[in-house]
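Heads up: the sequence lines are chains H and L, in that order. Position one of the first sequence corresponds to residue 0 (numbering that gives the first Met the number 0), numbered consecutively onward. Position one of the second sequence corresponds to residue 0 (numbering that gives the first Met the number 0), numbered consecutively onward.
Heads up, a few of these hints could be off.
Note that the list lumps identical chains together, so a pair holds whenever it fits in one copy or between two copies.
To be verified - Think about it this way: if two alpha-carbon atoms lie no more than 20 Å apart in a straight line, the pair counts; the simulated SDA-like pairs of lysine to any residue are:
(1) Lys59 to Asp5
(2) Lys42 to Gln18
(3) Lys254 to Asp231
(4) Lys42 to Glu19
(5) Lys229 to Arg118
(6) Lys42 to Val54
(7) Lys282 to Gln88
Since the hints were derived computationally from the structure, they do not count as laboratory data. This structure is a prediction, so every number in the text was calculated from the model and none was measured.
Number of protein chains: 2
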Amino acid sequence: MTTVNDKLLYLIAKLYYEQELTQQEIGDQLGLSRFKIQRLLTKAREQGIVRIELVPPTDKRCKHLEAELQRTFGLKGAVVVPGEYRSEQVLRKVLGLTAAELLPDLIDGKRNIGLGCGRTILEMLNHIDIDEPHAVTVVPLFGGMENIEPEFQVNALVQKLAAALGGEYRAIYAPVIAGSAEARATIVSDPMIKSVVDMWDCLDLAIVGIGHSIATYGSAFMRTISEKDKDDITNAEAAGDVCRQMFSITGEPCKLELNSRLIAMGLEQLKRVPLVVAIAGGKAKTRAILGALRGRYIKFLISDEATVRHVLALHQENAHILRA
Amino acid sequence: MTTVNDKLLYLIAKLYYEQELTQQEIGDQLGLSRFKIQRLLTKAREQGIVRIELVPPTDKRCKHLEAELQRTFGLKGAVVVPGEYRSEQVLRKVLGLTAAELLPDLIDGKRNIGLGCGRTILEMLNHIDIDEPHAVTVVPLFGGMENIEPEFQVNALVQKLAAALGGEYRAIYAPVIAGSAEARATIVSDPMIKSVVDMWDCLDLAIVGIGHSIATYGSAFMRTISEKDKDDITNAEAAGDVCRQMFSITGEPCKLELNSRLIAMGLEQLKRVPLVVAIAGGKAKTRAILGALRGRYIKFLISDEATVRHVLALHQENAHILRA
DNA sequence: ATATGTGATGCACAAATGTGCATGTCCGAC
DNA sequence: GTCGGACATGCACATTTGTGCATCACATAT
Numbered sequence: 000m001t002t003v004n005d006k007l008l009y010l011i012a013k014l015y016y017e018q019e020l021t022q023q024e025i026g027d028q029l030g031l032s033r034f035k036i037q038r039l040l041t042k043a044r045e046q047g048i049v050r051i052e053l054v055p056p057t058d059k060r061c062k063h064l065e066a067e068l069q070r071t072f073g074l075k076g077a078v079v080v081p082g083e084y085r086s087e088q089v090l091r092k093v094l095g096l097t098a099a100e101l102l103p104d105l106i107d108g109k110r111n112i113g114l115g116c117g118r119t120i121l122e123m124l125n126h127i128d129i130d131e132p133h134a135v136t137v138v139p140l141f142g143g144m145e146n147i148e149p150e151f152q153v154n155a156l157v158q159k160l161a162a163a164l165g166g167e168y169r170a171i172y173a174p175v176i177a178g179s180a181e182a183r184a185t186i187v188s189d190p191m192i193k194s195v196v197d198m199w200d201c202l203d204l205a206i207v208g209i210g211h212s213i214a215t216y217g218s219a220f221m222r223t224i225s226e227k228d229k230d231d232i233t234n235a236e237a238a239g240d241v242c243r244q245m246f247s248i249t250g251e252p253c254k255l256e257l258n259s260r261l262i263a264m265g266l267e268q269l270k271r272v273p274l275v276v277a278i279a280g281g282k283a284k285t286r287a288i289l290g291a292l293r294g295r296y297i298k299f300l301i302s303d304e305a306t307v308r309h310v311l312a313l314h315q316e317n318a319h320i321l322r323a
Numbered sequence: 000m001t002t003v004n005d006k007l008l009y010l011i012a013k014l015y016y017e018q019e020l021t022q023q024e025i026g027d028q029l030g031l032s033r034f035k036i037q038r039l040l041t042k043a044r045e046q047g048i049v050r051i052e053l054v055p056p057t058d059k060r061c062k063h064l065e066a067e068l069q070r071t072f073g074l075k076g077a078v079v080v081p082g083e084y085r086s087e088q089v090l091r092k093v094l095g096l097t098a099a100e101l102l103p104d105l106i107d108g109k110r111n112i113g114l115g116c117g118r119t120i121l122e123m124l125n126h127i128d129i130d131e132p133h134a135v136t137v138v139p140l141f142g143g144m145e146n147i148e149p150e151f152q153v154n155a156l157v158q159k160l161a162a163a164l165g166g167e168y169r170a171i172y173a174p175v176i177a178g179s180a181e182a183r184a185t186i187v188s189d190p191m192i193k194s195v196v197d198m199w200d201c202l203d204l205a206i207v208g209i210g211h212s213i214a215t216y217g218s219a220f221m222r223t224i225s226e227k228d229k230d231d232i233t234n235a236e237a238a239g240d241v242c243r244q245m246f247s248i249t250g251e252p253c254k255l256e257l258n259s260r261l262i263a264m265g266l267e268q269l270k271r272v273p274l275v276v277a278i279a280g281g282k283a284k285t286r287a288i289l290g291a292l293r294g295r296y297i298k299f300l301i302s303d304e305a306t307v308r309h310v311l312a313l314h315q316e317n318a319h320i321l322r323a
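Whole structure, please, built from the sequences with the hints as guidance.
The following block contains the structure:
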């Protein structure tokens, strides 16, 4: 019964996938209806008789750029995808995929993982494919925002990563920005929230995006803050942010009143994490990435060739600022 | 340039084959047209980024039946596909496929290969998949018929096998039945034909079907012969044929006037070939297969469980005929 | 400047594939 | 027997995919 099927399924699969006959043609040849062939093919796929494998393109990477990044900014590592991507959408997906492929190496031996949020991070989560479960705990690196789609919610992202890794996660039930410094203090001292925030001091790994201040994160974050805050940011010449913490193109943290209300992992805290992986690319983020690198906030960068070239060029170009 | 594509192709392939999005959905996500996705997918397949592999069903075989066949009829080997196939069409394809898979083992070290003709043989040829070329010479085992489709022509079949194996072939330009014994003699002594016919004495391997006389080979052969010949065959109680040579259910060659006109490898000649592989199955061929086995004309049988059970049962049942 | 060719692009249409459903079939329980 | 359920079958229809073609962009030769 089943053995008949085995050979038959294999035969049909061969005719369909190897000889590229249509289901109708196979049906005619075998004296079976097209529908039957269709269902048998489905069964063949289910039973694993047909195995579709995707060969990852021989990981061509821009080793020289990676080495230069490491040298120049004291990184523990870098991965630079070759080529130039004109579409932001495509680039995000490519970087997300690349990050997902690297993830097994990155999380190896890690217990507490902090996760940022953003579209590229989400793309990464969509492509994670891990065999054995890892006993990790995933925590968000900052509070949430209510005015964005559910799938971008920090808690949804940590949940997703934990699920993909087979570990646990901690959700944060605090806003990324409190109404006042006092409100922040109150919120952060709340036991449930404190237990998450306290974990920021004992992370083994943080995975973050890099925002380019004005219009960052689909500008959802920017929509959250007041006009005065925006002016502050502009005046401070913020080049970008990591974990919502702004810094200038030299890597100096921006002194903003906003900071006192932020419920987010701090830059100095971040520097103490053994491994901070940033995923970021795109011409618009050039200044932001450069700032993050100069500030030594990140220790591993996943980006693309065109962007990295821009970053390195910009670094050469206005290196005098640093000396000044 | 190409490197951009590599990652992108892989990404698209992943979305399509792993996440099972439609081409349209992928296009929307990436901001590319459906057509572009379509073409990139084609390219991904061409470049081997998508690899579709067919896992042959764990070669479940009826070892016990194979052993019994070997023991009972002194075969060098047998392969019995499990199950019962109600459709002749399906059975032919399954047997052809099975034979094609066995072929590499069967031809190993062989130089001169004789090939019969028939629908199952053709199916086998359709599935041959060999890596390195074999230095073989393929010859037909009997003459041709003009009243059948071109793809069933003996010369087409030997050509096809030779092509699949990467070897050479000899075509025969003689009819399977001459008009008279004298005509046969003349034809066979023609140098070009003789050189092929002479090879029947130095074959290392023959691959044949088994016909069940009346209505054999889509009855094309039967349409070729006269009414008197048919009566002769009926009177001689022919059970089947190999290479057009008729025999009874006991395996005795039929003494027919027709034989004197046949341009086909003889049964005694066949017995001298080190390895004769027959591919045959189906209830209707029970008697024919039994006759071929009893006559020891074949040394290797590829068939199916249901048929073999019938054959063995029939053998037990009328074994007394042999003793008589 | 003007031809010329090569390749990318998207469209209309054709072909192939997938799916919910009504019907039919088989088989065991009662 | 007959009832009920699980499952197979084929159909109409919806979705998805594939393809020939006209168009356009761009580069190279004339």
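*Of the numbered hints stated previously, which ones are contradicted by the structure, given in increasing order?*
Violated: hint 5 alone.
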